[in-house]
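A.B. asks: Those protein sequence lines, which keep their order, are chains A and B.
Under my numbering, think of the first position of the first sequence as 1, with each following residue one higher.
Under my numbering, think of the first position of the second sequence as 1, with each following residue one higher.
To be clear, the hints were calculated from the coordinates, so they are not data collected in a lab.
Every residue, glycine too, gets a C-beta built ideally from N, C-alpha and C.
It is possible that part of the hints are untrue.
[What the hints assert, rightly or not] Heads up, simulated EDC-like pairs for lysine to aspartate or glutamate below, C-alpha to C-alpha not over 20 Å straight-line: (1) A:K212 x B:D107; (2) A:K197 x A:E70; (3) B:K75 x B:D61; (4) A:K219 x B:D121; (5) A:K102 x A:E205; (6) A:K241 x B:E298; (7) A:K195 x A:D89; (8) A:K147 x B:E175; (9) A:K16 x B:D281; (10) B:K217 x A:E70; (11) B:K278 x A:D233.
[Said to hold, decoys possible] Here are the computed distance ranges between Cβ atoms for each label pair: (12) B:T122 x A:E70: 34 to 44 Å; (13) B:E250 x A:M231: 14 to 24 Å; (14) B:E79 x A:Q109: 23 to 33 Å; (15) B:A43 x A:R226: 55 to 65 Å; (16) B:K217 x A:A52: 44 to 54 Å; (17) B:R200 x A:M33: 19 to 29 Å.
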Amino acid sequence: MKVLVPVKRVVDANVKVRVKSDQSDVETANLKMALNPFCEIAVEEAVRLKEAGIATEVVVVTVGNKSAQEQLRTSMALGADRGIQVETDAALEPLSIAKLLKAVQDKEQAGLIILGKQSIDGDNNQTGQMLAALMDAPQATFASEVKVEGDKLTVTREVDGGLQTLSMPLPAVVTADLRLNEPRYAKLPDIMKAKRKPLDVLTVEELGVTLKSHQKVLKVTPPAAREAGVMLDSVEALVEKLKNEAKVI
Amino acid sequence: MTILVIAEHDNASLKPETAKVINAASQIGGDIHLLVAGSDCAAVAEEAKTLSGVAKVLLADNAVYSAHLAQNLSKLVVEVAGDYSHILAPASSQGKDLLPRVAALLDVAQLSDVVEVVDADTFVRPVYAGNAMATVQSLDDKKVMTVRPSAFDAAGNDGAAELVAVGSVHEASTEFVSQALTESERPELGSAGVIISGGRGMGSGENFELLEALADKMGAAVGASRAAVDAGFVPNDLQVGQTGKIVAPELYIAVGISGAIQHLAGMKDSKVIVAINKDPDAPIFQVADYGLTADLFEAVPALTKLI
Ligand SMILES: Cc1cc2nc3c(=O)[nH]c(=O)nc-3n(C[C@H](O)[C@H](O)[C@H](O)COP(=O)(O)OP(=O)(O)OC[C@H]3O[C@@H](n4cnc5c(N)ncnc54)[C@H](O)[C@@H]3O)c2cc1C
Chain A
1 MKVLVPVKRV VDANVKVRVK SDQSDVETAN LKMALNPFCE IAVEEAVRLK
51 EAGIATEVVV VTVGNKSAQE QLRTSMALGA DRGIQVETDA ALEPLSIAKL
101 LKAVQDKEQA GLIILGKQSI DGDNNQTGQM LAALMDAPQA TFASEVKVEG
151 DKLTVTREVD GGLQTLSMPL PAVVTADLRL NEPRYAKLPD IMKAKRKPLD
201 VLTVEELGVT LKSHQKVLKV TPPAAREAGV MLDSVEALVE KLKNEAKVI
Chain B
1 MTILVIAEHD NASLKPETAK VINAASQIGG DIHLLVAGSD CAAVAEEAKT
51 LSGVAKVLLA DNAVYSAHLA QNLSKLVVEV AGDYSHILAP ASSQGKDLLP
101 RVAALLDVAQ LSDVVEVVDA DTFVRPVYAG NAMATVQSLD DKKVMTVRPS
151 AFDAAGNDGA AELVAVGSVH EASTEFVSQA LTESERPELG SAGVIISGGR
201 GMGSGENFEL LEALADKMGA AVGASRAAVD AGFVPNDLQV GQTGKIVAPE
251 LYIAVGISGA IQHLAGMKDS KVIVAINKDP DAPIFQVADY GLTADLFEAV
301 PALTKLI
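So here's chain A without its partners, still in its complex pose (with noise of 0.2 Å):
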């Protein structure tokens, strides 16, 4: 079985950004730029399921500009075999990555995909959901744990309440949570190799898929901030404040 996995470029995880000063965006110039914290513990589950035997390929691929082969190329050091570029210097929005990705999946044919749950810049949760929706293939979303036996996925959920655990044919779509997995460190022979694994690049004109914008960002603000707080020195003293200036308790 071969798995899908796709991957993006963000900012750090590390790093606070701030928004530029004519309010169009966030400023991401000169930043430290890494493969999303939930793209790589996708790509472990992955990597896991090969060393496992059930996965027999694991193939990366990414939507954006040439840097964005970085991060395919740290997955792959993290044990990914080859990956894809489909190539755009366009800010996407999750419904065409999605067209995109499932462009991508009628010619790779995967029996599963796994993807991270949301990306940490637009913190959208989107994309792998509307995969699973344009493939009408069934989904598991924040998955915690992912169990395949023959073409049964058995995946458990993180929901508000607790977990959940549902079971599916494949093909299928799985959104990785942070519990699933610890992902690896890549070895510097890993790293070496990375460089040598097949990477090709796709046109968006390629994968015949046309792209539209459904909307437009009128401006991006720094969040409300909150006003300096006072130190205080006792048990007491914070007692004091919460009944008698904030009146809270």
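Chain B with the ligand: place on chain A using the hints.
C.D. replies: Relative to chain A, chain B with the ligand alone:
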């Protein structure tokens, strides 16, 4: 203009998130219809009829909808989507599972986590873990969006909506196997007025009893940081943050939590924030209204005694 809201429930009772989404829908304007899809959920529909502002409750009651699976629920929503101008659901695990799928089937975009209604086409939503707020105008004729419940007050209970049965039976190839829901006498994170959250500094699951004792005295809910959940101190559904629950209680007490951006994303809209941390430089103090540099193992029992 008529708005369709998808009700969140467990087939027995309506979740409090739904009333908050109704309020968001009222701010958009127009008639509001509420879809209750589930199995043996007539009681939920009765409850839904009383929500202020709801003109019609649409009931799709069939065993195939008992587990609220996105695979077939999305087809049901598309079937009833008809002329609605907006389709809303809470940004809960269920809403986030379902609505993108609905949007893709309708070939429209989806807006996630709306926190403010500017007008019928324009909405504000957080990006980058809440470090920026995007004002987004939808160009679609049908606007599909999840609404962040903590950003809206609940609608009232003086409604008397009409009830109609809708929808055909859509089967899913997905099968519900089991669920393990956390049982607790304490209030839910989403609706609690006071939340006491513990982080890695708690050291163990047993030590969370310190927070539980305080919580019980205050009628509070207990939350946690990702580090505390990852370490197995508490179950996943207690996680507050960018990828956990987003909360905005009257009072949030962070204990042994450093204040990473991903945690702040889930609680920085709380009305009053208290931080207890032994490290005076912990970033949590930058958002706290009241900070206490102290060892939590002394401060928390002392606080429990005084309150
Ligand atoms: C993609 C992504 C998503 C994430 N999503 C979330 C999320 O949703 N929610 C979330 O919380 N995190 C999330 N994180 C993790 C986040 O970055 C932090 O790692 C996490 O919040 C740290 O938890 P913590 O503050 O409990 O632990 P730490 O950062 O280790 O802090 C522990 C604190 O406890 C204090 N302490 C220790 N002992 C004591 C004592 N005896 N008395 C008083 N204080 C003490 C220490 O001084 C320290 O400040 C996410 C990370 C990523 C990359």
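A.B. asks: If a hint holds in the structure, say so; if it doesn't, say that too.
C.D. replies: Results for each hint:
{"no.": "1", "hint": "A:K212 x B:D107", "verdict": "10 Å, holds"}
{"no.": "2", "hint": "A:K197 x A:E70", "verdict": "13 Å, holds"}
{"no.": "3", "hint": "B:K75 x B:D61", "verdict": "15 Å, holds"}
{"no.": "4", "hint": "A:K219 x B:D121", "verdict": "14 Å, holds"}
{"no.": "5", "hint": "A:K102 x A:E205", "verdict": "14 Å, holds"}
{"no.": "6", "hint": "A:K241 x B:E298", "verdict": "19 Å, holds"}
{"no.": "7", "hint": "A:K195 x A:D89", "verdict": "23 Å, violated"}
{"no.": "8", "hint": "A:K147 x B:E175", "verdict": "14 Å, holds"}
{"no.": "9", "hint": "A:K16 x B:D281", "verdict": "17 Å, holds"}
{"no.": "10", "hint": "B:K217 x A:E70", "verdict": "52 Å, violated"}
{"no.": "11", "hint": "B:K278 x A:D233", "verdict": "12 Å, holds"}
{"no.": "12", "hint": "B:T122 x A:E70: 34 to 44 Å", "verdict": "36 Å, holds"}
{"no.": "13", "hint": "B:E250 x A:M231: 14 to 24 Å", "verdict": "21 Å, holds"}
{"no.": "14", "hint": "B:E79 x A:Q109: 23 to 33 Å", "verdict": "30 Å, holds"}
{"no.": "15", "hint": "B:A43 x A:R226: 55 to 65 Å", "verdict": "42 Å, violated"}
{"no.": "16", "hint": "B:K217 x A:A52: 44 to 54 Å", "verdict": "49 Å, holds"}
{"no.": "17", "hint": "B:R200 x A:M33: 19 to 29 Å", "verdict": "27 Å, holds"}
Checked against the numbered hints given earlier, this structure breaks hints 7, 10, 15; the rest are met.
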